[in-house]
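Asker: The lines below spell out each chain.
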Amino acid sequence: MKVVITGVGAYCALGENTEMLWKAIEKGQSGIAPINHFNVDAFDIQLGAVISSSSACDTDVQTAVAYGRAAAAEALENAGIVDPSRVALVLGTCNGLGRKEIHAISVDLVNFLKLGGPSITVSTACASSTHAIGLAVDMVRRGVVEYVLTGGVDQLYPEIFAGFHSLGLLSKTPCAPFSTVIGTTLGEGAAFLLLESESSANARDVVPLAECMGYGFSADAFHDTTPDPSGFGIASALSTAVADAGLIPESIDYLNAHGTGTAPNDAAEWRGIQSVFGDYAGQLPVSSSKSFLGHAQGAAGALEAVVTLLAMTHSVVPPTLNFTEPRPNSPTDPVASGKPRAHVTQHTVCANAAFGGLNAAVVFGQPNGELVPRRKLPRPIGLIGASMVKDCHQIHQYVPRSELRGLDPTARFLASAVANTLTDARLRLRSLDCEGIGLFVGQNRPSVESLQAFQKSVEARGFAQPSASAFTRMACSYATGACCRLFGLKGPATTLSTGPDSGLTALVLAADHLAWRDDVSALLAAAVDEPCEWDDFDYDHGAASVLLKAGASDAPIHLVSWALATDCESAVERALAKISRNREEVVPIVVPGPPTVTGLWAVTAAVNALKQGEQGPFLISNRADGAAGAAIILQMENRHAI
Amino acid sequence: MKGTEVGYNAIRNSVAFTEESDLCCLQLTGKQAFDVFDTVCPCDVFLQDGQMKYTLLLNEDGTPFADIYVCRKGEDAYLLGYGPNVDTLIDWITEHSAENTDFSIIDLSKTYAPLALDGPYAWELCAEVLGPDILGLPYLGMKVSDEVLVFRAGQTGEYGYHLLVPTDQKNAWLEKLHTAGSAFEMAHANEAARAQCALENFFFDINREGQYGLTPFELQLQWRLSAQKAAYPGAEAIRTRRQSGWTRRLTCFSTPDPVKVDTAVVCDDEVVGHILAIGYSPVRGDYVGKALLRRPYWHAGLDVFQVQGCPLKTLSPPAVDNLSWNISPYNDSFHTREKENGS
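Those protein sequences? They're chains A and B, same order as listed. Numbered by numbering that gives the first Met the number 0, the letters in the first sequence go through residues 0 to 641 in order. Numbered by numbering that gives the first Met the number 0, the letters in the second sequence go through residues 0 to 342 in order.
Chain B on its own, in the form it takes in the complex:
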């Protein structure tokens, strides 16, 4: 718990470091690399050079198989994904891309080690170890810097960077990060700390709410799908669900007391949904989570619910004011933050 608290505080106030053992990293090469993306992804794969996009890979029943980013760098396609392990992911892509032949998939985890930096000053530490060009990397942007593949796409609500460092240079990079990071009060963040920050920002966790057999509509992830695209794995199920509509969806909530996952959410003695995820938010001083609520109870801002006798209020996420909103690489610095805050 102590480790989680330290990591959480680092994510929220300075910089946190994580070795991302659960992140699958693939590179697709060949003339049909982007055709493969187009075949398997439910989004419109129309990427500018260096641009990333959030999307999903779907099972035939329309439920998420993997939570992924797709990215273009020159003629190469990159995929970062959570959910299945890397071999399963490669097999799945290969199986669903049978009509594309001119491509190959490279498992980057064999040659690169995935690290992550998250926090309101992650940009500043990145710039220190990778050079000032990193400051120009926009959200959902990717660049190669000093042999390191840098993807700017955090899931904590703060500035976030996924760094793929060459495996044979991993120790050198770790030392470099820790040396430079000490001036930023960098701390290690475990998965629990990152998951809590993600929960406070309503980020999707495929290993949590992704295991309930829900479609992107119920998960509030329909923005990751194209409304026009017709052919991709799971397209038929998605089309059917679009036509029939859906009667429940995930909603962000807060409650002052800890309650268990799967507990019923009640309104006027009627069960209107269930808790799917919950965690303590040190910033707020209460618990935040995701509840699967049915229509018309699924809206934010309702203070009419109870769970195990405790009050529950639905919120519009994010549930916290992420510090990064007020931190600009143009005129802020970790080293002068107290002066800037007037304290």
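Extracted from the complex, chain A is given alone in its bound form:
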């Protein structure tokens, strides 16, 4: 099945829609200017690519929501979608609405746009919307829904500006990725793509803008903020994306790089590009749209994808603005110009990398490309390890205290569960076996302790000198990145939320990824919750994880079916239908939730019951009022094909 893009929408510093965005790029007009919508007097750097004023923000909704509504509505209109009830949402955001509940912004968009499909929020810092696009592609491929609206939203909050400033990552002049000016410029905005199958587009008589051919995720397992300087992580995401698209590196005509402008990112990224493209890297145009748009955080990937798609339709490649002299070991062809360069592209790739070393890349092709043959049958999935923890100090059994310095409770809970699970599967931590494993985490919000630590540092020292370490932990994906680093997990990794019961959704998406893709042979699905004083109810907190292995025919427990749907009833029906069972033949467990971790606690309880001789099979599903319905079926042996 081909997944095509039939609509795009954008709202950013270059304009309130894609037409304005493209006109600005054609003119070589940058969106970077002095920030005037919050006070930056305390900082020695005062630039940003911010949205100065807009019609969308004249309402009483929060600014980020306004950005999202405007861009999403444009994408739907652009695609000619008249019935949004069959549209799912996969949104990438770093900050959500102030980070307390990362999924809240998706809830607003679903309600405002009257979307009827499941909604998932991905929060992997600066790679959020690229991860979102990747997951959305698979939702269309799997037939979960007919249409998926995917993209990213982020607003430049004063706290974010202060955090980046405290890390010393901002440039005093407009950022010039790969050039001698070192540092990035922050931005904001929203962008969306409407994905559907080619047959769906044909049936609607809609001409696609492009095909979304493939994607790749990876983890650096290196550092909380610095990318692996060898470029291994970004190279892994790029090569996986190119392979998923059925292409060879030499068939890529243009690469829209993450290109933040910071010294560690740009150097590592170019090394990664060189290792994937070899000598061909010298001929490949590699530019960074952040020189126009600033670094729009979680929306960056989607905005850069829209720029790339518009460039493809105009037969040009976008330039890197502000480029003067090249840095040592930077792209041979950074498209150093003030204007787009005429260049027909059949295939393009966009790459993004996040704090914690979570990387993602997506490949786009012209819509006239050949159909890429894909796996016809899913791989069977064995469950080879499981663990639940309610005490985050369990991590001390596995990791020296010196390595745990700075880890917040969310990361400690998650690391405890992951270490227990890997040990349960008889894997040595940090061994080569771990290197190929990925991690999908369901998480509703960042660590409350880290949010408070950052706030306290602002109160104590002012906005100009907040805690840089607390800032890096404020990303929702911090715990995921920390686990990858602690245990050497370099497979696909992401952090997602469907609200309070995200754990089961993470498990379903991990199972789907593992069954249908060949880029990884084992995936951890996990969920984590940290105690929070602003919750209005009491419940246990902790983490849980399971280790899934593809093709593990000798595994004692099998995940024989799984399904994601708009609501839990539909998910249950789909999961049962896949293995031709009815409700009377399974033992149902409905996850009471919240918290987020409850779903995976139920799964680990079912695993223990099966190990102790209970018959099963167990059908575990989430609550009826979630943003997405998720259901899985576990049994002792793989008696039924999926």
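Please note that a few of the clues may not be correct.
Stated by the list, open to error - Interface residues of chain A toward chain B, partial, derived using beta-carbon atoms under 7 Å:
no.	residue
1	Pro-228
2	Ala-262
3	Arg-270
4	Leu-431
To be verified - From chain A, some residues computed to sit far from chain B (all C-beta separations above 12 Å):
no.	residue
5	Phe-37
6	Glu-145
7	Asn-201
8	Arg-203
9	Val-205
10	Asp-265
11	Ala-266
12	Trp-269
13	Arg-427
14	Leu-450
What the hints assert, rightly or not - Across the chosen pairs, the derived CB separations fall in these ranges:
no.	chain 1	residue 1	chain 2	residue 2	range
15	A	Gln-451	B	Thr-178	56 to 66 Å
16	A	Arg-427	B	Glu-94	37 to 47 Å
17	B	Asp-86	A	Thr-323	25 to 35 Å
18	B	Asn-325	A	Gln-451	34 to 44 Å
19	B	Ala-230	A	Ala-576	54 to 64 Å
20	B	Lys-175	A	Gly-281	46 to 56 Å
21	A	Arg-404	B	Asn-325	25 to 35 Å
22	A	Gln-464	B	Arg-294	34 to 44 Å
23	A	Lys-113	B	Val-143	34 to 44 Å
24	A	Glu-249	B	Gly-73	24 to 34 Å
25	A	Tyr-279	B	Gly-2	39 to 49 Å
26	A	Arg-404	B	Asp-75	24 to 34 Å
27	A	Pro-530	B	Asn-325	51 to 61 Å
Bear in mind the hints are in silico, worked out from the structure with no lab data behind them. Note that beta-carbon positions come from the ideal geometry of N, C-alpha and C, so glycine has one too.
With chain A's structure known, arrange chain B on it following the hints.
Answerer: Here is chain B on its own, set in the frame of chain A:
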């Protein structure tokens, strides 16, 4: 002396080359390779792929037996060490790892020749001869490049790389380094030149202050030990010393005049310690060294001491501004250094 001066200047300003005859290089293979490290090392051996860590091997009395780095590359463990010779080191590890059976120790000195490049532009020369990937190698990182094992871990305060080149390719690599190095004004650094640079940065020298029977606490090397780890050779002595505390420690100092090692350090006519190491610092124009001072005189920044009638001032190391602090592989180059300095 002339050779030392040339080597010192190369380390401080360009690139210096050394054949490291005193460096022991071991590779441990097998399922228990890291268990062996865990058994013998007083630190937490929790290494990422390609990561190195400074630590020590300790005698039962808690004094250093060897000054080592441990490193992980994939499933293999590497140990680079100073102090004992390679046979003694292998025997010591084997003797102290009796409960681990699934491992073997390979003496890399039989198949590899250890070379070192140190200096503010060592990274640039390395990149030229080994490829640009070397630029991404972080401090205390290891990688294999073109059959050469590269360990980034200098002890001079400047960028430093230990290169293990296959013995049968040693001459070819030497020629390659010297050919490329001429454009960097590369010079040979002898042990005295490297030792002086190490002294200016308060790096531990097991053949110097390591011979005084001091524990890691007195040597200010407690950061190389885990505070939680309970079992390793010397653990009992370390635990006892932690409980009893210590009353003296090494402190960095400077003095305008040459004084001899073992000379008493005096404060108000009272002997408060002794000189353990001293050397002339061309960058500073005076002498820097390490003195073993007792509490409460062991702090940096005190200008109250005399040694053989000369004033002695304690310092917070490093005693010099290493040029490498201001050199970035991202935007500097040896070839444009004068332009960058504005001269």
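Asker: What hints, given by number in increasing order, does this structure fail?
Answerer: Hints 10, 11, 12, 13, 16, 17, 20, 23, 27 are the ones this structure does not satisfy, whereas the remaining hints hold.
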